[in-house]
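Enquirer: For chain E, the structure is supplied; the task is to place chain H on it using the hints.
Protein chains in written order, with my numbering: chain E, 1 to 214; chain H, 215 to 392.
I should point out that these hints are in silico values taken from the structure, not numbers from a laboratory.
Taking lysine-lysine and the BS3-like style, the derived pairs with C-alpha atoms no more than 30 Å apart in a straight line are:
#1 Lys192(E) / Lys312(H)
#2 Lys312(H) / Lys137(E)
#3 Lys137(E) / Lys184(E)
#4 Lys180(E) / Lys121(E)
#5 Lys107(E) / Lys137(E)
#6 Lys180(E) / Lys137(E)
Label pairs and their in silico Cβ distance ranges:
#7 Pro56(E) / Thr241(H): 29 to 39 Å
#8 Leu246(H) / Gly140(E): 18 to 28 Å
#9 Pro56(E) / Arg355(H): 33 to 43 Å
#10 Ala327(H) / Leu11(E): 44 to 54 Å
#11 Glu240(H) / Phe59(E): 29 to 39 Å
#12 Arg150(E) / Leu283(H): 25 to 35 Å
#13 Glu157(E) / Thr277(H): 23 to 33 Å
#14 Gly140(E) / Ile253(H): 15 to 25 Å
#15 Leu42(E) / Thr241(H): 36 to 46 Å
#16 Arg154(E) / Pro278(H): 22 to 32 Å
#17 Asp251(H) / Glu157(E): 19 to 29 Å
#18 Arg150(E) / Thr282(H): 22 to 32 Å
A few chain E positions that, by computed beta-carbon distances, are all more than 10 Å from chain H:
#19 Gly15
#20 His23
#21 Ala96
#22 Leu175
C-beta: ideal position from N, C-alpha, C; glycine also.
For reference, the chains in residue letters:
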Amino acid sequence: MRVVVAEDLFLLRDGLTRLLAAHQFEIAAAVDSAPGLLCALLEHRPDVAVVDVRLPPAFADDGLQAALAARREVPGLPVLLLSQYVEQLYARELLADQAGAVGYLLKDRVFSDEAFVDAIKTVAGGGTVMDPEVVTKLLGRRSRDEPINRLSGREREVLELMAEGRSNTAIAQRLYITEKAVSKHTTSIFTKLGLAADQDDNRRVLAVLAYLNS
Amino acid sequence: MNLRAVERVLPGSPNAALALVAEARETSVRALNELRDLIRGICPPVLADRGLGHAVQALVLDTPMPTTLDIDLPGRLSAPVESACYFAVAEALANAVKHSGARHAAIRIHHKAGVLRIQVADDGAGGADPAQGTGLLGVERRLGTFDGILAVSSPPGGPTIIAMEVPCELLSPKTSSY
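The shape of chain E in the complex, shown without the other chains (with noise of 0.2 Å):
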């Protein structure tokens, strides 16, 4: 699997490239600013990109808007954000498009390799990967009388994981129950929000954040 590293600092930079290659992806290239990101993206077009929100030369929001530049010349472009701090406005221009193959982590996730190298795979394979803190947030925000606050605690927790883009297997495992029981608290879920049932993950996860996003 091909990918573009964007890191501006030398140390984080090296230490994703060996994380990475130590698990069989194929750097394409690693780059360290904005523009720079955006040739790469373009040149290369990787299988997915591993881009960190803050970069040169404005040391702002510049590797989002290189990656959602990129994204808007190959549509679905994979694109897996890393950031310092998680705000709803970049979530949600990153799942504007629809077309999924997007995923926004707190930093600090990186650390536990196994996840990290999931949420890559997953993003990819064209899936979403939002952060907990994302999710939490989505949630947060709904007003008491809404839908979503006739599910019952179960289902929000399958809720959560599932707008984290997790499969019902890794549903499963998280909360100890079979897959079987997964699902029907997916059907209820669904039922109760008004939303289409979909079996296809991918679909799942952006009809979920679209319901919270709205």
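Expert: Only chain H this time, still in chain E's reference frame:
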């Protein structure tokens, strides 16, 4: 503290050291989260990245009340003005959420002819009084340092409208390199 304890117990009892390391890791995760919240309270990342308009948009996304936005701000303002205005809007919106019983709020931010005009309105119960320690006095003082003013209209029964005006120039037209 934990890590110093690890140094002490590591040679003798590695298992105890492991537990201490796990605890130290949890503590550092918690510290990082607190630091993030603190930074958001002092200088929200979106404000620094993109300026007042987007920061208010992000604020509204984090607010559990339906809020309409009308923003016409074709450039950045100086950092102190952006910060003062951001926290002014945040305070007014928080009051609407906490005290007014409103169902809906509206924020309007326009810059024209060297004046930034901000309005935060809600359809709540009204009766907001800056003298009653709602934090609006602090906002007024802070805006005052830029020759800005704040006016509150909040008759009993509502609606509440908080209007602010700050004379200031745009630093640069909104540009995007992409």
